[in-house]
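**Q** Each chain, written out:
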Amino acid sequence: MKKEYSQEVLDEIGARFPNASVKIHAPRRTYISVPREDVYEFAKFLFKEKDCRLSIATGIDKRDGMEILYHFSHDPSGTYYSIKTLIPKDDLQIKSLSDFLPAANWIEREIHELLGIDFAGHPNLVPLLTAETWPGDLHPLRRDYADEHKELRLDKTKEDR
Amino acid sequence: MANARLWGLKKSPWVFHVAAASCNNCDIEILDILTPRWDVERFGIVLVGSPRHADALLVTGVLNRKSLPRVLRVYEQTPKPCLVIGVGTCTCDCHIFTPSYNVIGPYDKYMPVDVYIPGCPPKPEAIISGVVKALKRL
Amino acid sequence: MKRIVPIGPYHPLQEEPEFFKLIVEGEKVVDLEINIGYNHRGHEFVAQKLTYDKITFLVERICGICSDSHPYAYVLAVEDLAHVTPPPRAQYIRTIIGELERIHSHYLWVGLAGHFIGYNTVWMWVWRYREPLLDIFELIMGNRNHYAINKIGGARRDILPEHYGKIEKYLDLLEEKNTMFTKAVLDDPVIRARLEGVGILSKEDAVAYGVLGPTARGSGYAIDARKDDPYDAYDKVDWDLIAFDEGDVLAKAKVRLLECFESIKIVRQCLRNMPDGPIETRVDEIPPGEGIGRHEAPRGEVFHYVRSDGSNMPVRHKIRAPSFMNIPSNVVAVRGYSIADAALVLAAVDPCYCCTERTAVFENGKKKLSGNDLLKLSWQKTEGLRRRYRR
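Chains as they are written, first to last, in this note's numbering: chain A, 1 to 161; chain B, 1 to 138; chain C, 1 to 391.
Only chain A is shown next, with the shape it has when bound in the complex (with noise of 0.2 Å):
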């Protein structure tokens, strides 16, 4: 029988972050919606305590803020706890959670890039994916991205680092 999470665990959350907002959209996929500074937190319980994966984390710009949400699987009843949260565009940082978790490294890095959300505590957040040669304030995934940029003046001579 697999070992399901239930409302025990959503009881706890609640006991534990009174300001988490749960919503469950399907058995296996759960989105729970917190205050930024209660990330750092509640990705720290369900790593250490739940025996929660970080599988990836997603970055979308919205017009009221810029949203984050940290996709833990827990593997055992194979359910998907997704943590939400909005970051204000005028103060677009939030706390990096690679001091107790390699595997959000490259995750954050890919979403400073993309976005231009800063990670507070991050040892390299330096760009990943994109080349030197790309301008480091253009975030491509920001909805006013325009796409004049394509023909950014190429420098073919320019090695990269």
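Hint data in this document are derived by calculation from the structure and do not stem from the laboratory. Quick caveat: nothing in here was measured; it's all calculated off a predicted structure. Note that the Cβ used here is the ideal one computed from N, Cα and C, for glycine as well. Possibly wrong hints are sitting among the right ones.
When the alpha-carbon atoms are kept at most 20 Å apart in a straight line, the in silico EDC-like pairs for lysine to aspartate or glutamate are as follows [said to hold, decoys possible]:
1) C/Lys-49 - B/Asp-93
2) A/Lys-84 - A/Glu-12
3) B/Lys-123 - C/Asp-135
Chain C is nowhere near these chain B residues, computed Cβ spacing over 12 Å in every case [said to hold, decoys possible]:
4) Ala-21
5) Leu-63
6) Asp-114
7) Ile-128
Got chain A sorted already, so can you dock chains B and C onto it with the hints?
**A** Just chains B and C now, with coordinates in the frame of chain A:
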């Protein structure tokens, strides 16, 4: 002297494989033509480990910004005359990747391409046929 | 005439700067720097400009080897979003193709691993037995690779009853050959000596780096999306999860070879119990919301997340391939081992864009060896072991 070189190229082209931002499917099909089913080595087509030994370049993938300087350097290092054979639809035209911010291909914007082999991926028979057509043009 | 042996499975762009920078002291690797981005084509960006059904074809082209895995996870994500269940026949068809793809991908890896340690015969033989499988793909779906079987709500094409016989016949051949390859890998003392105890990734590191697939299962971290979060026909057939504890390259190779047997089992059961009926549930609209889909690709769990606002294009499509989590673990897996073993360790995670020939070795800030040299070192080591065992 030039004729001797071309004759050598026609008879046994040494090929260097360049992949820049490809999904690897064309690359696997290129390696497939070395395997026993098609076995192009019996025609003298050999995949070499350095562009300096190559007579022809098999290029795949849509070019992206990071791989462009490297590809150009490989092209410069390949002794001329050399054939550039574009394998796959990505080398003909960037097709679905055209809107991307990181894709700056296709190859013929930066270097002369002699033969295009469309297909996603082109079948090994098509690749062999394309290479033969390229050689016949010499 | 001196014959130059082909190197480079995927990206023989060997000039510097390198993809993998091995930093050494003497003969031992002390650190690894990884530089990626040569394949970055911006799929997530392009997906925001395409309709849902076109994205299935876009994500197929993320990777050519696991070209069924990404569309599979994507359609599962959209079906999760829209609360759509495909009909049973479609579920079985998708499972069959998913497992056949696993076999072709694992065989590809075994061939390349053979090439890296200098057993080119292994490479040629294993790839030779991949070919009938690619013919079957062409028979059923029209293309050897990039076959596009997945569709939101079901499958694009049916596996006709007249094809079952051909698939069964191939599976019989495959079972016989797979037994031969497994024995060849496990019984040969030289191959064992090359693979055993090399590139060990401990379970703690595997968990910390969040590795996936055979890389995880070879380190005792027994996760598999098909068992943990079953979808389609995976919980309707009988099969075993393969995992080993040693964490070395041999364990990962064993996982891959033995998984092929399990895949054969799954496909046989699916063909035998294939239900009749339609192959798709029609989906006219994608409601607003979000969905997560995951599929156990040959390299590990593929993850897709889709957010919709009710229009015909997604607001956000997040794609995560398993190699994104597996490749950083190389930093710990390759440390302390010799340079000759480095190419093998880096290839053991089966990266979806293997660039071990774009590997270079640095000592005291100066480049010592290139990727080509590493391959030669690996072959020399095998030759040395062969001589030793011959006595």
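**Q** All hints, please: hold or fail.
**A** Now the hints, each set against the structure:
Between the alpha carbons of C/Lys-49 and B/Asp-93 the distance comes to roughly 18 Å, so the proposed pair stays at or under 20 Å and holds. Restraint check: the Cα-Cα separation between A/Lys-84 and A/Glu-12 comes to about 18 Å, which is no more than 20 Å; the hinted pair holds. The straight-line distance between the Cα atoms of B/Lys-123 and C/Asp-135 is roughly 11 Å, inside the 20 Å bound, and the hint therefore holds. Listed as a non-interface residue, B/Ala-21 fails to keep its Cβ farther than 12 Å from every Cβ of chain C; the least gap is roughly 5 Å.
With 12 Å as the threshold on Cβ separation, the claim that B/Leu-63 sits away from chain C is violated: the shortest Cβ distance comes to roughly 10 Å. The Cβ of B/Asp-114 sits about 20 Å from the closest Cβ of chain C, beyond the 12 Å cut-off, so the non-interface label holds. For B/Ile-128, the condition that its CB be more than 12 Å from all CB atoms of chain C holds, with the nearest at approximately 15 Å.
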